[in-house]
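Here are the chains, one letter per residue:
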Amino acid sequence: MTAHPTGHPSGAEGFLHRFEGLRSRLPGARLDFVDALRGEAAEAFRQQGFPTRRVEAWKYTDLRPVAAAGFDEPLTAIDTAPALPPAHGAARAVFVDGRFREDLSQLDGLGYAAANLAVALPRLQGRLGGLAADGAQPMVALNTMLFEDGLVVTVPAGVAAGVLDLVSVATASERPEAFHPRHLIRLEAGASLTLIETATGPSASRYLHNPVYEIEVAEGARLTHARLQQEGDAGFQLSTAYARIAEGGTYDNFTLNAGGKLVRNEIHAVLSGPRAACHMNGAQLLRDGQHADTTTVLDHAAPDCASRQTYKTVLAGRSRGVFQGKIHVHQIAQRTDGYQMNQVLLLSPEAEIDSKPQLEIYADDVKCSHGATVGEIDAEQLFYLRSRGIPEERARAMLVEAFLREAIEGVQDETARAALDAAVTRWWEGQEAAA
Amino acid sequence: MLKIEGLTAEVEGKQILKGVELEVPAGEIHAIMGPNGSGKSTLSYVLSGREGYEITGGSVSFNGVDLLALEPEERAATGLFLAFQYPVELPGVGNALFLRTALNAVRKARGESELDAMQFLKLARERLKALHISEDMLKRGVNVGFSGGEKKRNEVLQMALLQPKLAILDETDSGLDIDALKIVADGVNALRSPDFSALVITHYQRLLDYIVPDRVHVLMHGRIVQSGGPELAKQLEAEGYASVQAAA
Numbered sequence: 001m002t003a004h005p006t007g008h009p010s011g012a013e014g015f016l017h018r019f020e021g022l023r024s025r026l027p028g029a030r031l032d033f034v035d036a037l038r039g040e041a042a043e044a045f046r047q048q049g050f051p052t053r054r055v056e057a058w059k060y061t062d063l064r065p066v067a068a069a070g071f072d073e074p075l076t077a078i079d080t081a082p083a084l085p086p087a088h089g090a091a092r093a094v095f096v097d098g099r100f101r102e103d104l105s106q107l108d109g110l111g112y113a114a115a116n117l118a119v120a121l122p123r124l125q126g127r128l129g130g131l132a133a134d135g136a137q138p139m140v141a142l143n144t145m146l147f148e149d150g151l152v153v154t155v156p157a158g159v160a161a162g163v164l165d166l167v168s169v170a171t172a173s174e175r176p177e178a179f180h181p182r183h184l185i186r187l188e189a190g191a192s193l194t195l196i197e198t199a200t201g202p203s204a205s206r207y208l209h210n211p212v213y214e215i216e217v218a219e220g221a222r223l224t225h226a227r228l229q230q231e232g233d234a235g236f237q238l239s240t241a242y243a244r245i246a247e248g249g250t251y252d253n254f255t256l257n258a259g260g261k262l263v264r265n266e267i268h269a270v271l272s273g274p275r276a277a278c279h280m281n282g283a284q285l286l287r288d289g290q291h292a293d294t295t296t297v298l299d300h301a302a303p304d305c306a307s308r309q310t311y312k313t314v315l316a317g318r319s320r321g322v323f324q325g326k327i328h329v330h331q332i333a334q335r336t337d338g339y340q341m342n343q344v345l346l347l348s349p350e351a352e353i354d355s356k357p358q359l360e361i362y363a364d365d366v367k368c369s370h371g372a373t374v375g376e377i378d379a380e381q382l383f384y385l386r387s388r389g390i391p392e393e394r395a396r397a398m399l400v401e402a403f404l405r406e407a408i409e410g411v412q413d414e415t416a417r418a419a420l421d422a423a424v425t426r427w428w429e430g431q432e433a434a435a
Numbered sequence: 436m437l438k439i440e441g442l443t444a445e446v447e448g449k450q451i452l453k454g455v456e457l458e459v460p461a462g463e464i465h466a467i468m469g470p471n472g473s474g475k476s477t478l479s480y481v482l483s484g485r486e487g488y489e490i491t492g493g494s495v496s497f498n499g500v501d502l503l504a505l506e507p508e509e510r511a512a513t514g515l516f517l518a519f520q521y522p523v524e525l526p527g528v529g530n531a532l533f534l535r536t537a538l539n540a541v542r543k544a545r546g547e548s549e550l551d552a553m554q555f556l557k558l559a560r561e562r563l564k565a566l567h568i569s570e571d572m573l574k575r576g577v578n579v580g581f582s583g584g585e586k587k588r589n590e591v592l593q594m595a596l597l598q599p600k601l602a603i604l605d606e607t608d609s610g611l612d613i614d615a616l617k618i619v620a621d622g623v624n625a626l627r628s629p630d631f632s633a634l635v636i637t638h639y640q641r642l643l644d645y646i647v648p649d650r651v652h653v654l655m656h657g658r659i660v661q662s663g664g665p666e667l668a669k670q671l672e673a674e675g676y677a678s679v680q681a682a683a
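Protein chains in written order, with our numbering: chain A, 1 to 435; chain B, 436 to 683.
Read the hints as simulated data drawn from the structure, not as lab findings.
Note that the structure is a prediction, hence the values are computed from the model and not measured.
Using N, Cα and C, we set each Cβ at its ideal position, and we do this for glycine too.
One or more hints might be untrue.
[Unchecked claim] The calculated SDA-like cross-link candidates involving lysine to any residue, where the alpha carbons are at most 25 Å apart (straight line), are:
no., chain 1, residue 1, chain 2, residue 2
1, B, Lys557, B, Arg575
2, B, Lys574, A, Gly11
3, B, Lys600, A, Leu382
4, B, Lys543, B, Ser496
5, B, Lys543, A, Thr425
6, B, Lys543, A, Arg394
7, B, Lys574, A, Glu409
8, B, Lys543, B, His567
9, A, Lys261, A, Glu102
10, B, Lys543, A, Glu392
11, B, Lys600, A, Pro51
12, B, Lys543, A, Gly11
13, B, Lys574, A, Ala402
14, B, Lys574, A, Glu392
15, B, Lys453, B, Asp612
16, B, Lys574, A, Gln381
17, B, Lys574, A, Glu401
18, B, Lys574, A, Leu37
[Claimed, not checked] Among the chain B residues that face chain A by a calculated CB cut under 7 Å, a handful are:
no., residue
19, Leu503
20, Ala504
21, Ala511
22, Gln520
23, Val523
24, Thr536
25, Ala537
26, Val541
27, Gly610
28, Asp612
[Said to hold, decoys possible] Computed far set for chain A versus chain B, every beta-carbon distance over 10 Å:
no., residue
29, Arg23
30, Leu37
31, Val55
32, Pro86
33, Ala136
34, Thr154
35, Ser173
36, Tyr339
37, Gln381
38, Arg386
39, Ser387
40, Gly389
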């Protein structure tokens with residue numbers, strides 16, 4: 001399908017070049033609104049290119065390794081069945097190298113609409129790009145320019161949809177591949193859904209997974225969104241989520257960053273109606289050579305809303321963690337209740353953390369607090385465990401798990417919480433095996 | 436069982452233990468009494484292997500093993516148990532998981548089979564019942580939000596599960612009401628056997644009404660300055676440490 005990379009340009013130019021070549025064959029090429037969105041995105045991406053560290057929002061995360069790699073489109077799907085992560089419920093949407101695999105998925109008879117984007121596109125005018133319309137986000141522009149597929153879910157008013165697994169598997173490839181899925185999730189009034197997302201990939205294969213989410217939570221609806229990022233150790237994942245939460249609605253996001261070479265988890269959430277709630281929690285567990293960035297931008301744009309953010313980062317070896325959290329309380333957002341906490345546990349003197357909380361408050365009746373701590377494993381606690389016969393490595397593992405548990409305990413959905421717990425345990429087992 | 440010879444130790448360059456001589460035979464309970472700053476807690480930490488104490492001389496033999504050469508977890512596996520003066524809180528670590536992990540680590544090191552969750556729960560319930568401790572204690576984070584008395588009870592519960600050969604109780608009586616004191620004493624007395632010894636470190640005589648020691652030693656200025664039978668504790672209570680100081 002694609003010409004082989006004999007000397008074709010890398011970086012932003014490579015992607016633009018590929019877009020010109022593929023434009024007429026990309027999904028929705030014959031739909032004017034899709035083609036127009038792609039054209040605008042290409043123009044924005046052409047002007048900005050990959051963000052550099054001179055851009056404030058990217059000060060701590062250097063995308064040069066991504067920009068320097070020449071990526072290809074994934075090859076046309078071969079009908080192999082890659083190993084899939086464990087399922088958490090009956091419903092599941094599986095994407096292999098960014099493309100929907102109907103044979104591996106189960107989306108029938110769900111009581112709500114779930115389909116893949118390539119099929120759903122004709123019905124998405126006005127919805128696609130409705131939230132992710134930010135021209136100043138090069139990674140989003142890149143996604144819009146080149147997305148091929150994604151998950152589109154609409155849960156009708158009042159429907160409790162239960163658990164839906166969203167699985168992304170990257171397969172091993174000699175040539176670096178990039179895929180840019182676009183996921184649209186809409187919960188109508190009073191609906192609920194638990195979306196558990198798992199992203200995995202092979203070790204030693206370089207690839208870019210660049211997903212964008214557009215999430216709408218209507219009045220009184222509740223979305224639990226648990227993301228288990230377990231990309232391969234040479235993989236890049238740069239994700240951007242946009243969420244809009246209406247009156248009385250709740251968006252509960254938990255992101256576990258446990259894989260990948262270079263990872264960014266960027267979330268933009270807007271509390272747009274009174275008494276809406278947003279929880280953005282997460283844990284980053286990084287080994288030697290890994291870089292993970294959590295960037296949140298939260299807009300309190302209505303009164304009486306509550307937001308809770310607890311991010312915990314554990315850094316081993318020469319790893320680097322980044323947390324940037326901005327809370328913007330608009331003038332109208334009286335009686336805002338905001339809380340943001342970023343805690344870091346350093347397991348190695350060579351690890352590095354950059355932490356940048358930012359509060360902008362324009363309302364006068366507001367309760368907003370934030371804090372950050374950086375520490376090592378507590379020597380007293382370690383001695384107490386060892387004095388009871390627990391070997392040092394196991395004792396350290398127990399204390400790290402305990403450190404993370406506080407963030408995971410905030411996840412109210414039991415299935416999502418259990419999945420996160422299991423993922424943390426797997427990470428530790430890998431960590432101990434590597435030691 | 437335990438033989439300490441000429442033990443000297445420093446903390447941050449300051450000499451605290453200045454030649455401790457002590458022998459605790461198997462099956463005996465010994466008390467160490469002494470005023471604040473005499474080196475009581477330092478002795479218990481040096482024996483259990485806490486970091487920050489530099490041993491500058493002497494030896495400690497525990498059933499023929501050079502105790503000072505072992506890691507803290509190895510000391511526990513060979514049968515040493517320290518009941519902490521200030522038990523440490525472990526937020527996020529469930530007490531049941533903690534107790535089972537500790538028990539299985541020690542069992543494994545001793546070449547015994549590990550217990551699964553059900554077997555452990557059965558054993559833990561038996562021990563809790565014998566010690567009149569509520570089962571709720573298993574469900575909580577280790578020592579988190581525990582009262583002073585609950586923390587000490589949790590220490591005794593750990594001791595009852597790990598079945599040590601030598602228990603060191605470091606001022607376990609401090610801050611306890613009489614009911615809690617009895618629970619602690621019952622826990623120690625229940626373990627009394629020809630293979631079990633205990634070193635009860637205390638400032639006051641009160642605990643020794645409930646755990647009657649075979650021998651009482653007075654630690655002052657980093658040395659054992661006087662030893663005697665249980666009556667020595669009563670004498671100290673009546674006359675204070677000044678009398679010993681004068682005699683020493």
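For each hint, the structure was consulted:
1. With a C-alpha separation of about 18 Å, the suggested pairing of Lys557 of chain B with Arg575 of chain B holds against the 25 Å cut-off.
2. Between Lys574 of chain B and Gly11 of chain A, the direct Cα distance comes to roughly 54 Å. Violation of the 25 Å bound is thereby established for this hinted pair.
3. Distance hint between Lys600 of chain B and Leu382 of chain A is fulfilled; the C-alpha atoms sit about 23 Å from each other, no more than 25 Å.
4. Proposed proximity of Lys543 of chain B and Ser496 of chain B is supported: the alpha carbons are some 23 Å apart, at most 25 Å.
5. This hinted pair checks out: Lys543 of chain B and Thr425 of chain A have alpha carbons roughly 21 Å apart, not beyond 25 Å.
6. Distance restraint check for Lys543 of chain B and Arg394 of chain A: the Cα-Cα separation of roughly 13 Å lies within the 25 Å cut-off, and the hinted pair is therefore satisfied.
7. Of the supplied pair hints, the one linking Lys574 of chain B and Glu409 of chain A holds, its CA atoms being roughly 15 Å apart against a limit of 25 Å.
8. A hinted pair counts as satisfied when its Cα atoms are at most 25 Å apart, and Lys543 of chain B with His567 of chain B does not qualify at roughly 28 Å.
9. Between Lys261 of chain A and Glu102 of chain A the CA atoms are separated by roughly 29 Å; this puts the pair beyond 25 Å, and the hint is violated.
10. The straight-line distance between the Cα atoms of Lys543 of chain B and Glu392 of chain A is roughly 15 Å, inside the 25 Å bound, and the hint therefore holds.
11. Proposed proximity of Lys600 of chain B and Pro51 of chain A is contradicted: the alpha carbons are some 64 Å apart, above 25 Å.
12. At most 25 Å may separate the alpha-carbon atoms for a hinted pair to count; Lys543 of chain B and Gly11 of chain A exceed this at roughly 55 Å.
13. Between Lys574 of chain B and Ala402 of chain A the CA atoms are separated by roughly 15 Å; this keeps the pair inside 25 Å, and the hint holds.
14. For the suggested pair Lys574 of chain B and Glu392 of chain A, the alpha carbons sit about 24 Å apart, so the restraint of at most 25 Å is met.
15. A C-alpha spacing of about 34 Å is found between Lys453 of chain B and Asp612 of chain B, which places the hinted pair above 25 Å, so the restraint is violated.
16. At roughly 19 Å between alpha-carbon atoms, Lys574 of chain B and Gln381 of chain A fall within 25 Å of each other, so this suggested pair holds.
17. A distance of roughly 17 Å separates the Cα atoms of Lys574 of chain B and Glu401 of chain A; the hinted pair therefore holds under the 25 Å criterion.
18. Taking the CA atoms of Lys574 of chain B and Leu37 of chain A, the gap is near 55 Å; set against the 25 Å cutoff, the hint is violated.
19. Interface restraint check for Leu503 of chain B: the shortest CB-CB distance to chain A comes to about 15 Å, outside 7 Å, so the restraint is violated.
20. Hint status for Ala504 of chain B relative to chain A: violated, with the closest Cβ pair at about 15 Å, above 7 Å.
21. A hinted interface residue such as Ala511 of chain B counts as satisfied when its beta carbon comes closer than 7 Å to some beta carbon of chain A; here the least separation is about 4 Å, so the hint holds.
22. The beta carbon of Gln520 of chain B is not positioned within 7 Å of any beta carbon in chain A (closest approach about 12 Å), and the interface hint is therefore violated.
23. A hinted interface residue such as Val523 of chain B counts as satisfied when its beta carbon comes closer than 7 Å to some beta carbon of chain A; here the least separation is about 4 Å, so the hint holds.
24. With 7 Å as the threshold, the beta carbon of Thr536 of chain B comes within range of chain A, its nearest partner Cβ sitting at about 6 Å, so the hint holds.
25. Because the closest C-beta pair between Ala537 of chain B and chain A is about 4 Å apart, less than 7 Å, the hint holds.
26. A hinted interface residue such as Val541 of chain B counts as satisfied when its beta carbon comes closer than 7 Å to some beta carbon of chain A; here the least separation is about 4 Å, so the hint holds.
27. Hint status for Gly610 of chain B: violated, given a least beta-carbon distance of 18 Å to chain A, over 7 Å.
28. The beta carbon of Asp612 of chain B comes no nearer than 24 Å to any beta carbon in chain A, farther than 7 Å, and the hint placing it at the interface is violated.
29. Every beta carbon of chain B lies more than 10 Å from that of Arg23 of chain A, the smallest distance being close to 52 Å; the non-interface claim holds.
30. Under the 10 Å C-beta cut-off, the non-interface status given to Leu37 of chain A relative to chain B holds; the minimum distance is some 46 Å.
31. Distance to chain B confirms Val55 of chain A as a non-interface residue, since its nearest Cβ pair spans about 37 Å, more than 10 Å.
32. Every CB of chain B lies more than 10 Å from the CB of Pro86 of chain A, the least distance being 21 Å, so the non-interface label holds.
33. Ala136 of chain A, annotated as away from the interface, keeps every beta carbon of chain B farther than 10 Å; the closest lies near 39 Å.
34. Interface exclusion of Thr154 of chain A from chain B stands, the closest Cβ pair being 38 Å apart, more than 10 Å.
35. Every CB of chain B is more than 10 Å from the CB of Ser173 of chain A (nearest about 40 Å), matching its label as outside the interface.
36. At roughly 18 Å, the least C-beta separation between Tyr339 of chain A and chain B is larger than 10 Å, which holds for a residue marked as non-interface.
37. Under the 10 Å C-beta cut-off, the non-interface status given to Gln381 of chain A relative to chain B is violated; the minimum distance is some 6 Å.
38. The claim that Arg386 of chain A lies off the interface is violated: its Cβ sits roughly 4 Å from the closest Cβ of chain B, which falls inside the 10 Å cut-off.
39. Look at Ser387 of chain A: its CB is around 5 Å from the nearest CB on chain B, not clear of 10 Å, so calling it non-interface is violated.
40. Chain B draws Gly389 of chain A into its interface by the beta-carbon criterion, the shortest separation being 4 Å against a cut-off of 10 Å.
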